[in-house]
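Chemist: The listed protein sequences derive, respectively, from chains P and A. Residue numbers for the first sequence follow this note's numbering, so the first one is 15 and each next one is one higher. Residue numbers for the second sequence follow this note's numbering, so the first one is 37 and each next one is one higher.
These are calculated hints, taken from the structure and not from any lab test. Values in this document were obtained by computation on a predicted structure and should not be read as measured data. Please note that a few of the clues may not be correct.
Unchecked claim - 35 Å max Cα-Cα, derived DSBU-like pairs, lysine-lysine: (1) A:214 x P:176; (2) P:243 x A:191; (3) P:195 x P:118.
Said to hold, decoys possible - To give an idea of the chain P side of the interface with chain A (calculated C-beta under 10 Å), a few residues: (4) 182; (5) 184; (6) 195; (7) 196; (8) 211; (9) 234; (10) 240; (11) 244; (12) 267; (13) 282; (14) 284; (15) 289.
All C-beta atoms, glycine included, are put in the ideal place defined by N, C-alpha and C.
So you can see what is in the structure, the chains are spelled out below.
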Amino acid sequence: MSEHLTKTHYLDPEILHRLQDLEMVAREAVEGLRVGSHRSPLRGFSTEFSHHRQYAPGDTIRSIDWRVYGRTERYYTKLYEAETNYDCYLLIDASASMNYASGKLSKLEYAKFLAAALAYVVLKQRDSVGLSIFDSQVRAYLPPRSSMSIIAQIDRLLREVKPVPRTTIAKQLHDIALMVKRRSFVVVISDFFAEVGDIMTGLDHLRFDGHNVIVLHTLDRYELEFPFKGTWRFEGLELEEPLTTQAERVREDYLANFNRYLEAFQAGCSASHIDYTTVDTSRPLDAVLSEFFYKRQSVLAGPSVGAR
Amino acid sequence: MAFLNPWLLLGALGVGLPILAHLLNRYQVKRTDWAAMRFLNRSVRVRSRQLRLRDVLLLVMRCLALLCLVMAFARPAMKSAATPWLPGEKRAGVVIAIDASYSMAHTEAGVTRFARAIELAKAVVAQSQPGDPVSLVLLGGEHRVLLRNVAYDPKGFDTLLSEQTILPEPLDLEGVPKFLKDLTGDMDAPQKEVYILSDTQSRDWGRLSPTLRDAFRALGEEASVFVVPVGGGDENLAVTGLDLVSGTLRKGTTARYRATVHNFGSSPARDVEVRCRVDDIQIDDKRIPLIAAGSSETVSLFVPFHNAGPARITAEISGDALPTDDVRRVVAEVRERVSVLCVDGSSGETGGLVTSALLARADGSDDENYTVQTTQWPAFPTQDLDAFDVIILADVPEVTPEQAHQISRFVRRGHGLVWFAGDRIKADVWNRLSGDTEDALLPAKIGEAIDTRDSLGIGKPLAPDLPDHAVCRPLRSLPEDLLNETRFTRRLRVEPRDTCFPVLSLAGSHAPVLLEQSLGRGQVFMFTTSAQATWNNMALTPVFPMLMQQVVTYLAGREFEQPRTVGDSLALSYVEQPDASDAVFDTPLGQTITVPVREHRGQFIALLERSREAGFYVARVSIQSPGLPVAVNVDTRESDVACLIPARLQEQIKDTGVTLCTSESQLTAEIEITRTGRSYWRFFAMAALALLVLESLFADRILGRTHSRRSPDAQPVFQAEVA
Chain P
15 MSEHLTKTHY LDPEILHRLQ DLEMVAREAV EGLRVGSHRS PLRGFSTEFS
65 HHRQYAPGDT IRSIDWRVYG RTERYYTKLY EAETNYDCYL LIDASASMNY
115 ASGKLSKLEY AKFLAAALAY VVLKQRDSVG LSIFDSQVRA YLPPRSSMSI
165 IAQIDRLLRE VKPVPRTTIA KQLHDIALMV KRRSFVVVIS DFFAEVGDIM
215 TGLDHLRFDG HNVIVLHTLD RYELEFPFKG TWRFEGLELE EPLTTQAERV
265 REDYLANFNR YLEAFQAGCS ASHIDYTTVD TSRPLDAVLS EFFYKRQSVL
315 AGPSVGAR
Chain A
37 MAFLNPWLLL GALGVGLPIL AHLLNRYQVK RTDWAAMRFL NRSVRVRSRQ
87 LRLRDVLLLV MRCLALLCLV MAFARPAMKS AATPWLPGEK RAGVVIAIDA
137 SYSMAHTEAG VTRFARAIEL AKAVVAQSQP GDPVSLVLLG GEHRVLLRNV
187 AYDPKGFDTL LSEQTILPEP LDLEGVPKFL KDLTGDMDAP QKEVYILSDT
237 QSRDWGRLSP TLRDAFRALG EEASVFVVPV GGGDENLAVT GLDLVSGTLR
287 KGTTARYRAT VHNFGSSPAR DVEVRCRVDD IQIDDKRIPL IAAGSSETVS
337 LFVPFHNAGP ARITAEISGD ALPTDDVRRV VAEVRERVSV LCVDGSSGET
387 GGLVTSALLA RADGSDDENY TVQTTQWPAF PTQDLDAFDV IILADVPEVT
437 PEQAHQISRF VRRGHGLVWF AGDRIKADVW NRLSGDTEDA LLPAKIGEAI
487 DTRDSLGIGK PLAPDLPDHA VCRPLRSLPE DLLNETRFTR RLRVEPRDTC
537 FPVLSLAGSH APVLLEQSLG RGQVFMFTTS AQATWNNMAL TPVFPMLMQQ
587 VVTYLAGREF EQPRTVGDSL ALSYVEQPDA SDAVFDTPLG QTITVPVREH
637 RGQFIALLER SREAGFYVAR VSIQSPGLPV AVNVDTRESD VACLIPARLQ
687 EQIKDTGVTL CTSESQLTAE IEITRTGRSY WRFFAMAALA LLVLESLFAD
737 RILGRTHSRR SPDAQPVFQA EVA
């Protein structure tokens, strides 16, 4: 294990050990600078044959398949499919709403652990990983690198994050989209407590730029189930007006609203070919990640989705 | 309103606890940070005024619940007919006292008084509710508590009632009110009721003593007291006596017993047949043509004794409304032979007179099984005295301490001693030998001889002190002038000990002539006069042979020949310490009772403290030993079954607080009117329970006290995995 890992706060050796065999494979083609394990959108002269194309002026003569010419007396050039590495951007929502915790661990803290683990998985397979933390604006940005030393920078950055109230998410995603030049992996970790339309605008921007977008919808168990009983005073983390109410009486409405929101969000993600996963912060991290990777592999093994 | 457990009201101080909790926790609303505010319905709000109101409501409910619980435990009860609308239950503690004396066995139209009392008892408890405290008592000579303040169980109560039988005892009414008062005192009930179901015999209820009336009044202050008569007619015949009149209890002889039948009814009884049985074999029967109302008739029953040993003799009548007292029992210890030793200290005259009297027979014949051996003092026999049944010391001047010890031991083993005064008696020697101890040989300290003649020089006649004593009984059959012919001119001045009693005295002076004292298992008779003609003319009259033969018969008898009455103790005494530590008594109903042998005043006694059945008990020194039958008869005072009419009874119980109910319907009506006691503990308990449930639901809904934001079970598993 790298020496950089021993100094990290958000990477637990035991968790890392469990993540040893996991691999984050790009669902669609990503652009990389080096030869890697992911499909590159650039066809050329790499190692793996793709198909033949009729020779056109300008093509290098070296690429003409002479065997085919011998059989057909026509010039065809061989095209190869290049495999490359990818850049993975981890976008962490550090808004105040992420600071909610029904237990000791807030959603933000959970998100940090999640991001660190994902970064490790990505780096382990020699891909590059970058980090962006946003709230009402982009707070921190770390360009992608494939060196394991970046894990220490990511860890330091995560430790310095303090939640700040936020009003919208779309703007921050637009800003981040502008910062990411190559087609990359973009993993967004957030509770997405905003209007679904607003969220989807930001996410779609990333998709339109050709990025593989993964949404890790991080939620607390209390937010999912609303198990309160009796009279409670709810004080909004995003500077909303407090509400004193009787939990049993609002529970039904809450769950209905919440599920409606979830369904709309999930439908939006599906429509935009965005991988969506709900992360329940009450569940163990390794279990969440294992399930996430297993789900991805199952999807990738099925009918492929065409590259954009 | 009264409280059965008033000290539990102190628990009301506990109401401070919910108040304290309220003050500490008032207006506390749990708060939490919340991210998903946008999904909450803001139209459902709770105002602080609402919270305060709910807090107060909760406080009130808790306080009320606590107070209701305290009230329930304090068992509130109220006795008032004015508030029938209150929701309490009609509850009463009931004491049912059933007269079980044997007069209750009196039968009319095939139904006993006791059976009617049982039905009335069922009618009383039919008004009770399961769980009410109930006590059930059988009244008799010794009252028996069958149920003491137990929760009423209808089935069990009926079963218990049906198992009860009549006791062969008279009713001890004097002790009834206090006994019942003690029972009611133990009872926790809003209202207490006592029902006395009795035949209200005239002999018991006809003249209530002031003490008894006061006792009833005291009972009435504790509880409502009802007397329910179950009386009936007064017709009853009873065999009230069976006594040995004459004859010796020896094998081959015939004794004459006298059976007395009393007519307790108000009309004469005709042709009353009296049967005599010996060991369950009828040997004689007599018919009494007429017994006038309220009077007794006697018949003589001749009982031949063909075998030695104990004989169970019964005299019985039949066809009576009350069978319990229709039989009388005695036991005769029939001897193989009777042997008397007469030690004559005079010149021979006294011994001769005594011997003549003992051997005098109506037919002049000899009886080989009845021997009287005469010997002159100081030639006191050295052989074993147990060969004799009775020793007569006639004018014996003195005996040695060894002889005195020998005679004393002889008596203690169950034999008899007759001591005659005389001219040669050395009083100081006898007094020294007897000493002042309780087990002295002679029943009295001897003084000098005194003249008993009146101013005309005529001696005094005899007067039986105990007419029913076996020794006196034949004298009663003598014509009065014949008895008065016997005149006593001299006697010894004596100082009777506390342990003796006079059997015969001189008429007019109560100077004892014959004293009796028990010594061990035997008896000592002491004549304060001599058989010589210089002291009296007794030996010249028929009185002397009758007296002497009766004395010998009496002394030759055994301790259990005297019949006992139900309730008496039965004692089996031993001369020496027995090998077995327990004696055994078989009851007439076949039950075996083991009684430990205890030492008392140098004697070893097994005492059955109370005989409870009429019939023949059998006492054994050990379970393998042959038994000694003991006749136990009923106390015939109870045979007077005449009952008070309601008016007389009402007069007797007037001002005692006792209510008379002459019929079942009246009894039911009285219970309905009187039973106003209501118990409220169940009401308060239910109210407390309801309040607690309401409070729990309400508090759970308002405060959500089963969940808290930081409750351990709400911790995400993740923390443990990651941290």
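Chemist: All hints, please: hold or fail.
Modeler: Here is how each hint holds up against the structure:
1. A:214 x P:176: Violated: residue 214 (chain A) and residue 176 (chain P) sit about 90 Å apart, past 35 Å.
2. P:243 x A:191: violated (51 Å)
3. P:195 x P:118: Status violated; Cα separation ~38 Å.
4. 182: violated (13 Å)
5. 184: violated (16 Å)
6. 195: violated (33 Å)
7. 196: violated (33 Å)
8. 211: violated (14 Å)
9. 234: Because about 8 Å separates residue 234 (chain P) from the closest Cβ in chain A, which is inside the 10 Å limit, the hint holds.
10. 240: Since chain A brings a Cβ to about 8 Å from residue 240 (chain P), closer than 10 Å, the hint holds.
11. 244: Interface hint status for residue 244 (chain P): holds (2 Å vs cutoff 10 Å).
12. 267: holds (4 Å)
13. 282: Nearest chain A Cβ about 17 Å off; hint violated.
14. 284: violated (22 Å)
15. 289: violated (22 Å)
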